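There are 2 protein chains.
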Amino acid sequence: MKMPTPDASVLARRVEIANALRAIVPGEGVIVEQDEMRVYETDALTAYRQLPMIVVLPKTTEQVSQVLKYCNEIGIKVVPRGAGTSLSGGALPLADGIILGLGKFNKIMDIDYGNRTVTVQPGVTNLGITNAVAHEGFYYAPDPSSQIACTIGGNIAENSGGVHCLKYGLTTNNVLGIEMVLMNGDVVRLGGKHLDSDGYDLLGIMTGSEGLLGVVTEVTVRILKKPETLRAVLIGFPSSETGGDCVAAIIAAGIIPGGMEMMDKPAIHAAEEFVHAGYPLDVEAILIVELDGPEAEVDHLIGEVETIARKCGAVSIRVSSSEDERMVFWAGRKAAFPAVGRISPDYLCMDGTIPRKELPLVLNRMAEMSERHGLRVANVFHAGDGNLHPLILYDANKPGELQAAEDFGADILKLCVEVGGVLTGEHGVGVEKRDLMIHQFTETDMNQQQRVKCAFDPDGLLNPGKVFPQLHRCAELGRMHIHRGQLPFPDLPRF
Amino acid sequence: MKMPTPDASVLARRVEIANALRAIVPGEGVIVEQDEMRVYETDALTAYRQLPMIVVLPKTTEQVSQVLKYCNEIGIKVVPRGAGTSLSGGALPLADGIILGLGKFNKIMDIDYGNRTVTVQPGVTNLGITNAVAHEGFYYAPDPSSQIACTIGGNIAENSGGVHCLKYGLTTNNVLGIEMVLMNGDVVRLGGKHLDSDGYDLLGIMTGSEGLLGVVTEVTVRILKKPETLRAVLIGFPSSETGGDCVAAIIAAGIIPGGMEMMDKPAIHAAEEFVHAGYPLDVEAILIVELDGPEAEVDHLIGEVETIARKCGAVSIRVSSSEDERMVFWAGRKAAFPAVGRISPDYLCMDGTIPRKELPLVLNRMAEMSERHGLRVANVFHAGDGNLHPLILYDANKPGELQAAEDFGADILKLCVEVGGVLTGEHGVGVEKRDLMIHQFTETDMNQQQRVKCAFDPDGLLNPGKVFPQLHRCAELGRMHIHRGQLPFPDLPRF
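Residue numbers (the UniProt record's numbering), protein chains in the order written: chain A, 1 to 495; chain B, 1 to 495.
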């Protein structure tokens, strides 16, 4: 595979740049040794690897500001990084760029129960926020599978979701305020502890911007009271279509479950063999529906869900009768990715989102594609909000299988767009889906997005090579002329 | 009052411009007669009036595109307008600008129950969406008081709320997709029927952008199933503080009411005299708490709310026993503004938002300010999300009273910012709060907001004079030099 061509003039100044960065971040905050930088060479999209030029680990907002100002002035590319759990290659380094690691921003700064907010530094983990307030009965709602490791700063970059986002929203619905540093070193504050906001919704635009607009240095999130009662219903269906119909019927009845997840037969079997969750093995699909709230409400809703499921043709229904049983229902779902990893040498996790009612159509078409590409697929997904996670099984050691898996994945995502959906629900575009963006957006759409990018980072130094398949010079965007800028990763290196 | 100075070179070309616009929008789509333009001279912030140069009423997206392209090329200012119900002067015309009225965009284009969405043209009223789906048991959640008249396009411009936004969100939480026209005439689509999105959150930034970034020509919103049961509790308190404490206690108990509204004594008495809602007159504050959902849940939650209210020192509690009684409870709240209009010749409606726990402090300080400014104030507000609507009572015919009312209002909003809140919850900045923006944002913050504005409208032709107290030239923003551009309404005309 051809590696991206780094800027030789920047690499030639590597020692000088490292020294300048050391003056800003003293002590052990600047890493240049290859061995020490090795841990930064990839993220959770492990198919791609690249050593950065230098790793910088600042401790304060002032240091971040000075590092960005310096890089902006002399034209050095910057890749911000949290815990490196991105599934789309959002934190993949550049050979001629620095990694700006936010790992030392790990303090919880303020817990305010009166306003139901927690303010933290961006390197605090997602679960770390919940852990800080759990003893008072509160929690932070978005719960990506990587929540033990992933940071809240990374959650903002990717607008992360989780199994409860149908009812409680994605990151964008749970972040109230941030402090961020612009590429020119300016420090701005967006939002705060209040629920409404004035001025443009820059907080909204930062959430899901994949590290291309600025570096977050402080985060205020809302916390929620843990529901009084949580119970889950495990429902088996004779086909994915009937399961999909049941999802639509539950939503149509006005019920918003705390979580509503679906798994198809390959995923059920892989999970069951791995964690013994007690899933039925004679069904084509299962649905896990979790209801939460006051006990009276949960009892009532469980009755309604059971009635709906029976009408939809469910062949088995089990309601959790204890907290332990509820956790076991979820254990299989939460372990689905590693479980699939046990039955296949490699897998590619896709992340398309579709209008809910297209579920049966898309599942059928995916089965056809599986035949055509000669690769198995296991489906695990956030059924309630139409966010699919097809896991394409392949073996990287068999010639052509990675390529076939990527082609299959691209076909799935194009289908999602075709039925009115989008390329990504919560994993981001990154490098993985960058070249598919032209299937989602017109040139006019993309130009307008890049004009907004120019408003934050006019020289395109923040995380280049991600999200946009073409980089335009800002001065030229105004006149709508299309010039292809130098694109990092013109042909992505794979491992 | 000094009127803004219009651009004489533009006014001199008025006939030529009108003819060019007639070529784009034929028939009765271009209005130049003063008498006919009179209905466009103000909006619901009636203190300010200004006749526009020309009114254009296009019927198609293509016409909007061509009008904007033409105005962009020859440098004509454009003020987009829905139903003109803005409370902050967002639709106030410019003497040397056109009004682009979207009133003819009044079609419902698609109702899709499977995806729970409705797609409409932007001139459809807020209530018109609910009316189109009510027979199937659905509704559109945000419900501003002006919902009979206000349009969904205007709701997007102002990110409108209503009494149910604590539970169901503001406009930004209920709009899934739009088609919009940029100032250069480009047509872009943002979002769609799906719940998640990729690319930058331009839909979020458009929502609440007050007509400064583009013109919306199509809107897709989510609709919700009408709750099975709705009941309201009317609670009387011996002081505003105890009422505020009760709001915090209900939220802290994990209850998210469908609506939670508070009124103070002056507002209670004005409303009771007007609509005879049966409000208690011997209390200092009332809280209307509405619970919705399945009957079992509502019964359970009403019991909890009653218990909490008693603990907080409530002196009267009434639960609606019929749909008629529930509507009567709300009638007083919904008529509060006109009711206050009956007890005072004029009033100014403010719209600050504060972190919820600061309610008692802010209410106390407001009472002190009322004494100092010598003007009465009635409080009606969305207690659940901390969004205040103080109504400052004054008489425009008494010399100095409008000025005193505006000074009082400015003091209230500065206090909101001081305690960590914002200038506006749902009415927008417009011209009304424009000059207070410097109390909310630093120069760095404002410059970054204007860089985003430049990404949409580099010549600042869309709705200038609103939101920003200073306009900077886009080329200069990049270099952070501050130049004051020509600002419409340097000294606002009042009536």
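Don't take each hint at face value.
Identical chains share a label here; the pair holds if one copy fits it or two copies do between them.
[Claimed, not checked] Subject to a maximum C-alpha distance of 30 angstroms in a straight line, what follows is the list of computed DSSO-like cross-link-like pairs (lysine-lysine): (1) LYS167 - LYS225; (2) LYS104 - LYS59; (3) LYS167 - LYS226; (4) LYS398 - LYS167; (5) LYS334 - LYS59; (6) LYS334 - LYS167; (7) LYS334 - LYS69.
If you are wondering where the hints come from, they were derived from the structure by calculation, not from laboratory data.
Quick caveat, the model's predicted, so the values are computed rather than measured.
Which earlier hints turn out false for this structure, listed by number in ascending order?
-> Those not satisfied are hints 4, 5, 7.
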